[in-house]
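J.: Chain by chain, the residues:
2 protein chains.
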Amino acid sequence: MFKINYSNIMQDIIGKNGLIANDFNNIDDGKIYKIILNRQYPELAFLDLPEQNTSEIKEIGKIARQFDNFLLLGIGGSALGPRSILESLSPFHNLHKKPKVFIYDNVDPMTLKAILEIIDLKKTFINVISKSGSTAETAVSFMILWQRLKDLGLSHDKHMVITTDPQKGNLRKIVSDYNLKSLPIHPDVVGRYSVLSPVGLLTAEVIGIDSDDLLRGAKEIGQRCKIARLWDNPAIFISSALYLLQVLRNRDITVMLPYSDRLKSFSEWFCQLWAESLGKQGRGLMPYPSVGTTDQHSQLQAWIEGLEKYVVIFISVDDYKADFEIPHIFNNIDGMSYLSGHSLSELIKTEQEATEIALSKKGKPSININIPRIDAYYLGQLFHFFSITTAMTGFLYDVNPFDQPGVEEGKDLTYGMMGKKGYEAKREEFLNYRKNKDKYII
Amino acid sequence: MFKINYSNIMQDIIGKNGLIANDFNNIDDGKIYKIILNRQYPELAFLDLPEQNTSEIKEIGKIARQFDNFLLLGIGGSALGPRSILESLSPFHNLHKKPKVFIYDNVDPMTLKAILEIIDLKKTFINVISKSGSTAETAVSFMILWQRLKDLGLSHDKHMVITTDPQKGNLRKIVSDYNLKSLPIHPDVVGRYSVLSPVGLLTAEVIGIDSDDLLRGAKEIGQRCKIARLWDNPAIFISSALYLLQVLRNRDITVMLPYSDRLKSFSEWFCQLWAESLGKQGRGLMPYPSVGTTDQHSQLQAWIEGLEKYVVIFISVDDYKADFEIPHIFNNIDGMSYLSGHSLSELIKTEQEATEIALSKKGKPSININIPRIDAYYLGQLFHFFSITTAMTGFLYDVNPFDQPGVEEGKDLTYGMMGKKGYEAKREEFLNYRKNKDKYII
Numbered sequence: 236m237f238k239i240n241y242s243n244i245m246q247d248i249i250g251k252n253g254l255i256a257n258d259f260n261n262i263d264d265g266k267i268y269k270i271i272l273n274r275q276y277p278e279l280a281f282l283d284l285p286e287q288n289t290s291e292i293k294e295i296g297k298i299a300r301q302f303d304n305f306l307l308l309g310i311g312g313s314a315l316g317p318r319s320i321l322e323s324l325s326p327f328h329n330l331h332k333k334p335k336v337f338i339y340d341n342v343d344p345m346t347l348k349a350i351l352e353i354i355d356l357k358k359t360f361i362n363v364i365s366k367s368g369s370t371a372e373t374a375v376s377f378m379i380l381w382q383r384l385k386d387l388g389l390s391h392d393k394h395m396v397i398t399t400d401p402q403k404g405n406l407r408k409i410v411s412d413y414n415l416k417s418l419p420i421h422p423d424v425v426g427r428y429s430v431l432s433p434v435g436l437l438t439a440e441v442i443g444i445d446s447d448d449l450l451r452g453a454k455e456i457g458q459r460c461k462i463a464r465l466w467d468n469p470a471i472f473i474s475s476a477l478y479l480l481q482v483l484r485n486r487d488i489t490v491m492l493p494y495s496d497r498l499k500s501f502s503e504w505f506c507q508l509w510a511e512s513l514g515k516q517g518r519g520l521m522p523y524p525s526v527g528t529t530d531q532h533s534q535l536q537a538w539i540e541g542l543e544k545y546v547v548i549f550i551s552v553d554d555y556k557a558d559f560e561i562p563h564i565f566n567n568i569d570g571m572s573y574l575s576g577h578s579l580s581e582l583i584k585t586e587q588e589a590t591e592i593a594l595s596k597k598g599k600p601s602i603n604i605n606i607p608r609i610d611a612y613y614l615g616q617l618f619h620f621f622s623i624t625t626a627m628t629g630f631l632y633d634v635n636p637f638d639q640p641g642v643e644e645g646k647d648l649t650y651g652m653m654g655k656k657g658y659e660a661k662r663e664e665f666l667n668y669r670k671n672k673d674k675y676i677i
Numbered sequence: 236m237f238k239i240n241y242s243n244i245m246q247d248i249i250g251k252n253g254l255i256a257n258d259f260n261n262i263d264d265g266k267i268y269k270i271i272l273n274r275q276y277p278e279l280a281f282l283d284l285p286e287q288n289t290s291e292i293k294e295i296g297k298i299a300r301q302f303d304n305f306l307l308l309g310i311g312g313s314a315l316g317p318r319s320i321l322e323s324l325s326p327f328h329n330l331h332k333k334p335k336v337f338i339y340d341n342v343d344p345m346t347l348k349a350i351l352e353i354i355d356l357k358k359t360f361i362n363v364i365s366k367s368g369s370t371a372e373t374a375v376s377f378m379i380l381w382q383r384l385k386d387l388g389l390s391h392d393k394h395m396v397i398t399t400d401p402q403k404g405n406l407r408k409i410v411s412d413y414n415l416k417s418l419p420i421h422p423d424v425v426g427r428y429s430v431l432s433p434v435g436l437l438t439a440e441v442i443g444i445d446s447d448d449l450l451r452g453a454k455e456i457g458q459r460c461k462i463a464r465l466w467d468n469p470a471i472f473i474s475s476a477l478y479l480l481q482v483l484r485n486r487d488i489t490v491m492l493p494y495s496d497r498l499k500s501f502s503e504w505f506c507q508l509w510a511e512s513l514g515k516q517g518r519g520l521m522p523y524p525s526v527g528t529t530d531q532h533s534q535l536q537a538w539i540e541g542l543e544k545y546v547v548i549f550i551s552v553d554d555y556k557a558d559f560e561i562p563h564i565f566n567n568i569d570g571m572s573y574l575s576g577h578s579l580s581e582l583i584k585t586e587q588e589a590t591e592i593a594l595s596k597k598g599k600p601s602i603n604i605n606i607p608r609i610d611a612y613y614l615g616q617l618f619h620f621f622s623i624t625t626a627m628t629g630f631l632y633d634v635n636p637f638d639q640p641g642v643e644e645g646k647d648l649t650y651g652m653m654g655k656k657g658y659e660a661k662r663e664e665f666l667n668y669r670k671n672k673d674k675y676i677i
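For the protein sequence lines, the chains are A and B, in the order given.
Numbered per this note's numbering, the first sequence spans residues 236 to 677.
Numbered per this note's numbering, the second sequence spans residues 236 to 677.
Accuracy of the hints is not assured; some may be wrong.
Since the list gives no way to pick one copy over another, a pair counts as held whenever it fits inside one copy or between any two copies.
Taking lysine-lysine pairs in the DSBU-like style, the calculated list, with each CA pair at most 35 Å apart, reads [to be verified]:
hint, residue 1, residue 2
1, Lys333, Lys385
2, Lys670, Lys297
3, Lys393, Lys672
4, Lys408, Lys646
5, Lys454, Lys672
6, Lys358, Lys408
7, Lys393, Lys332
8, Lys333, Lys357
9, Lys335, Lys358
10, Lys584, Lys348
11, Lys556, Lys646
12, Lys655, Lys238
13, Lys584, Lys454
To be clear, the hints were calculated from the coordinates, so they are not data collected in a lab.
Please take these sequences and the hints and turn them into a complete structure.
T.: Okay, here's the thing in structure tokens:
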């Protein structure tokens, strides 16, 4: 299991910005525990994902691996999880492995054009992902690709798998009308909590990762997060710490800072989970995606000397499974020779710790999550741990961590302009706003 | 020139969170103008970059283009600018173009291992970038690659160009000791303002972009930002608006939201510029990197219903230079058929505007920057405009937008542990901190 060191959020280490043990008495851990135990929200179904049977996913994975390209159509939770699995576990994948993986998670015509210029659809397997089956962006790219396959005389059944609700929705209807391959997303598992469902696991299988390894890791940490008492349950503890650092110390922003290029998209996965789950009722914590050492040369200045808003979550890695010795050269140059004889992994680990200390010395709170190595097992742990922690943080704020009511208005306005029935008034509203938008500086 | 619409920061459109025209009377635009005019900071030298002669860069670019791979070693400003040029102007570059471009901007041993497994150093041209020549991360990767070339019997002069200060620093000394190819970074142009110097322009040439096109765009917007009066100078106006939205309305976070996958790394380039320049003295504005439509399914919820902290800068695109019609299929499915006959570019543009309106209806401020298309000319405009705007925003906060004192402590602690002379006390301090870090939750 990974380790969590919380020294640098405590007052005896970082001074007045920190917490004292008694602060945690404000937290009703029993209440959180009961919400989980009683499955007070049906969406807590994601907790059972580690127990799922993966044989169907493996079967489709095997088919997909026979193609040269794997094209995923999905947005939000349907893309961020798969991308994180791809980039964490198979870096530079498309430059030396097959099938090449493309994740189209936008409606940017330039990107689609570029992808279609590179891949041959005859040799491409497409995974369409939308729980509801009504996500406009995914529907559109699906429709365009459907037509392309048809124009090329390619069978939809052979070239496509639809990952969607097992019973409901447009995509499920199409699966049944056209007798297509499909994978189910449990009706109660919402997008941003779905990485360990077929949504993420199929991509894992496609790139040659055993999806059961992800689930084994998730299962282990899941067990550990079933304990009632805050000081024994790492998820209740971390969610409480971040909650308290905001309500008592005004720390609004959670920076996710793994010291590994591979985990950059894990940061982005976390940011969706955190922002959509907690940004509600004019409150909540806000995320910031990051990566070390790189962001020491980009964001660190603001964390140290900017607004007193940040809490940094470091992810440190014990074994990078690769290393380089720094050679004994340029002995006549002081600014270089001191590095000789050290190794690259020694340097990245030292910089991680040095950054933690530098923050600590200035009284800035941080938490360290230490993973032994980056593999499917520990990535599964991280996914599941932060999913549980995010839900619990929502419960502490008394918000529903599974909905996203704020995004509906934009969708409705788009429906209006695209001519969806019943949204005629939204179209009027859209056009009126456009008229009033007349202030230009250049 | 691009257009800037500021309707959605004004009270008559968004209500009480907005500004009124009189608020801008608080700004001493004459003072800002004079700082620029008198070059009160030597680092304002970046303003002259559009006038530079690019012949030397073009010459090196021509040499680099004869190789199969181009490996850039640099971190922070030395990497974010080049990456933004690469990804904005040549998406999926490495899958269909040569030379393949690799930007190693970390000391992650896994990444270096992966790169060296993919590229053949015999067919690789290396660009080492560090203004000071003393950046530890870059020094280390430079030393490792230097030794590799030597072991393979490859000439450093043939396979390498060093981009650094024209006179000073370790790298300049090595250039002169070993008679290497080099490109100069003006001594007064600091890293994060250097994208339009040889730092970024060489990468442009390597991928087949005429660097003069970037400079022409920059020059045009540079001229426009030389006017004294706030209402006529878009850079003074935007920096003032963002400053006022923070000091009068508590809007701390500037979201950079281009509606184009290609500009995702432009967002990240902006975030370094903004964070390092403004995060000082316990104040300043904070950035958030984003991309549309994707982040409508990730961050939008928090901007609409989370903390009242955000100002969103939209970058909208007029002509995507690619399009797809949404076919007339699935006529029996209401949730899809309404999309038929529209185009992908119509959808992305409608979603951009709908998101702006949705924010506006909830009283959330945003600014729209509209570019005709994504090419070198307009990318040059964006780079130069935000560089100027960032510097000016620093002047409004009365902070030096060109230094980054907050990051020194972490560097010193790393020097201590790596055994650099004169940092022995830092080593002690590091080890003492480590001892006190003993609180584990798991």
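J.: Compare the structure with each hint and give your call.
T.: Here is what the structure says about each hint:
no., hint, in the structure
1, Lys333 - Lys385, "both (25 Å within a copy, 33 Å between copies)"
2, Lys670 - Lys297, "neither (54 Å within a copy, 50 Å between copies)"
3, Lys393 - Lys672, "neither (49 Å within a copy, 56 Å between copies)"
4, Lys408 - Lys646, "within (22 Å within a copy, 58 Å between copies)"
5, Lys454 - Lys672, "between (52 Å within a copy, 28 Å between copies)"
6, Lys358 - Lys408, "within (26 Å within a copy, 53 Å between copies)"
7, Lys393 - Lys332, "both (22 Å within a copy, 31 Å between copies)"
8, Lys333 - Lys357, "both (15 Å within a copy, 25 Å between copies)"
9, Lys335 - Lys358, "both (11 Å within a copy, 24 Å between copies)"
10, Lys584 - Lys348, "between (41 Å within a copy, 17 Å between copies)"
11, Lys556 - Lys646, "between (45 Å within a copy, 25 Å between copies)"
12, Lys655 - Lys238, "between (51 Å within a copy, 31 Å between copies)"
13, Lys584 - Lys454, "within (28 Å within a copy, 43 Å between copies)"
The structure fails hints 2, 3 (numbered hints given earlier, in ascending order).
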